[in-house]
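Undergrad: The task is simple: from the sequences and hints, build the whole structure.
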Amino acid sequence: DFDDQSKLKDTNRLKFLQEECPEYFVLDNEFASYDKVAKALLLKDQKSDLEEALVKSIRVYQLQIQCYYLLQASNVNVKTHPVMMWLYRFRQQITELQDLIKNDKKVSPVKTKSKQVVSVDEKCDENEAESGVEGQTRRPITYEMMKNRGLTPHRPKQDRNPRVKHRKKYK
8 DFDDQSKLKD TNRLKFLQEE CPEYFVLDNE FASYDKVAKA LLLKDQKSDL EEALVKSIRV
68 YQLQIQCYYL LQASNVNVKT HPVMMWLYRF RQQITELQDL IKNDKKVSPV KTKSKQVVSV
128 DEKCDENEAE SGVEGQTRRP ITYEMMKNRG LTPHRPKQDR NPRVKHRKKY K
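Per the numbering used here: the sequence shown = residues 8 to 178.
Hints in this document: simulated from the structure, not taken from any laboratory. Values in this document were obtained by computation on a predicted structure and should not be read as measured data. None of the hints are false.
Listed next, with one range per pair, are the computed distances between beta-carbon atoms:
(1) GLN105 <-> ARG20: 31 to 37 Å
(2) VAL83 <-> SER40: 23 to 29 Å
(3) PHE32 <-> ARG66: 20 to 26 Å
(4) ARG66 <-> LYS109: 19 to 25 Å
(5) LYS86 <-> LYS178: 52 to 58 Å
(6) LYS109 <-> LYS86: 29 to 35 Å
(7) LYS178 <-> LEU70: 51 to 57 Å
(8) LEU48 <-> TYR150: 52 to 58 Å
(9) LYS51 <-> THR87: 38 to 44 Å
(10) THR159 <-> ASN110: 52 to 58 Å
Only pairs whose alpha carbons sit at most 30 Å apart, straight line, appear in this in silico BS3-like list of lysine-lysine:
(11) LYS54 <-> LYS43
(12) LYS63 <-> LYS46
(13) LYS43 <-> LYS109
(14) LYS164 <-> LYS154
(15) LYS109 <-> LYS63
(16) LYS86 <-> LYS43
(17) LYS175 <-> LYS164
(18) LYS43 <-> LYS63
(19) LYS22 <-> LYS43
(20) LYS154 <-> LYS172
(21) LYS86 <-> LYS63
(22) LYS178 <-> LYS164
(23) LYS54 <-> LYS109
(24) LYS86 <-> LYS16
(25) LYS154 <-> LYS175
(26) LYS164 <-> LYS176
(27) LYS51 <-> LYS63
(28) LYS51 <-> LYS109
(29) LYS86 <-> LYS22
(30) LYS46 <-> LYS109
Even glycine gets a Cβ: it sits at the ideal position worked out from N, Cα and C.
TA: Below you can see the structure in the form of structure tokens.
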């Protein structure tokens, strides 16, 4: 209702914001609390698959909250916008993941692949050996592969000739 909100006092601005979008403060608090949770999980050395999924879900949820803020700032009707549905879904997903993590104390950490040290000469020998085997088992190229036309529909003869096509277009 107010055109110039800069003239309002801070308390009146907060009241106006509370009336216009009451979920703003809830989302703001969730954003901050989930940010702390995600940072704590990222600092852990060994994370389980569930914990990694939780961090990803939190980051996507925070992104959706930021989209909500942008929509609010641009005066778009947020009530019917799909962002609200996504916010609800990701909030449910995060609570489910948190429950799973709390209930399952013995979650195995993610196994990292061990790095193998191989000399450059051995790699070259392996690549040559693999390419020799692959060359013998490959099938020959077909006419369709060579032309690489894909699934183009059959066109009338007049449409295939650009000169005739333009002549027909102007008649």
